[in-house]
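Participant: The primary structure of each chain is shown beneath.
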Amino acid sequence: MDTEKRKAQYREMFGRVADALGYKFSPDEEIVDFILEQEVTLEKKHGNPFCPCQGLKGNREEDMKIVCPCIPFNREHFDAMKRCWCGLFVHKDVEDPDELEQLAYSEFNS
Amino acid sequence: MMTEDVILYTLSTCPWCRKSKAYLNERNIPFDNIEYDLADEETKEMIRNVIEESGEKLAFPFLKKGDQCICGYNPKKYAEILGR
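Protein chains in written order, with the working numbering: chain L, -15 to 94; chain F, 24 to 107.
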């Protein structure tokens, strides 16, 4: 698998899904490129482009919920942060992703 | 008084985990780091238990100091519990 080619495919495939959900790729191109690269590595190792910032549990049903883009499985939490957990995607109205914080699930859920 | 060691659970693929490590290193805060994805199964299970008991999803970075836990890279909260 050619990493750069696969990253370009992700951009197109994931971009379409994220767009329909009201998200876009982060304007921080450095982080986008890094995360996509990690996802290619994860796909090579595990068969799917899992979120690089969430852990695999070894339970297929649970693990499939963190295949990128995992927004639908975490919608309310991510909407509250205006970004997904790894920061690959942000709400369409976000211009400066540095202003956004990772909000812990327990905090969001309290 | 017992020293409360700082433990940082991370993923080798996570950019925010790298930022967390840099935060601690830049402030000379000693910490133990375990990379969940590179750990053996027994260690992974231990980490899953710690994180789930804190009410979090299995999301990284996860910093622990005594009873206090912070899930996610959050410099403001790091400063609050680490004092710098």
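Do not rely on the hints blindly, as some may be mistaken.
Unchecked claim - Below 27 Å or equal to it, Euclidean Cα-Cα: the simulated BS3-like pairs (lysine-lysine) are: (1) F/Lys67 - L/Lys29; (2) F/Lys42 - F/Lys100; (3) L/Lys28 - F/Lys80; (4) L/Lys8 - F/Lys42; (5) L/Lys41 - F/Lys88.
I should point out that these hints are in silico values taken from the structure, not numbers from a laboratory.
Participant: Could you run down the list of hints and mark each one as holding or not?
Facilitator: Against the structure, the hints:
Under the criterion of a C-alpha separation no larger than 27 Å, the hint pairing F/Lys67 with L/Lys29 is consistent with the structure, at around 17 Å. Straight-line distance between C-alpha atoms of F/Lys42 and F/Lys100 comes to about 14 Å, which keeps the hinted pair within the 27 Å bound. The hinted pair formed by L/Lys28 and F/Lys80 meets the criterion: a straight-line CA distance of about 24 Å does not exceed 27 Å. Taking the CA atoms of L/Lys8 and F/Lys42, the gap is near 23 Å; set against the 27 Å cutoff, the hint holds.
Straight-line distance between C-alpha atoms of L/Lys41 and F/Lys88 comes to about 24 Å, which keeps the hinted pair within the 27 Å bound.
In the structure shown, no violation is registered for any of the earlier numbered hints.
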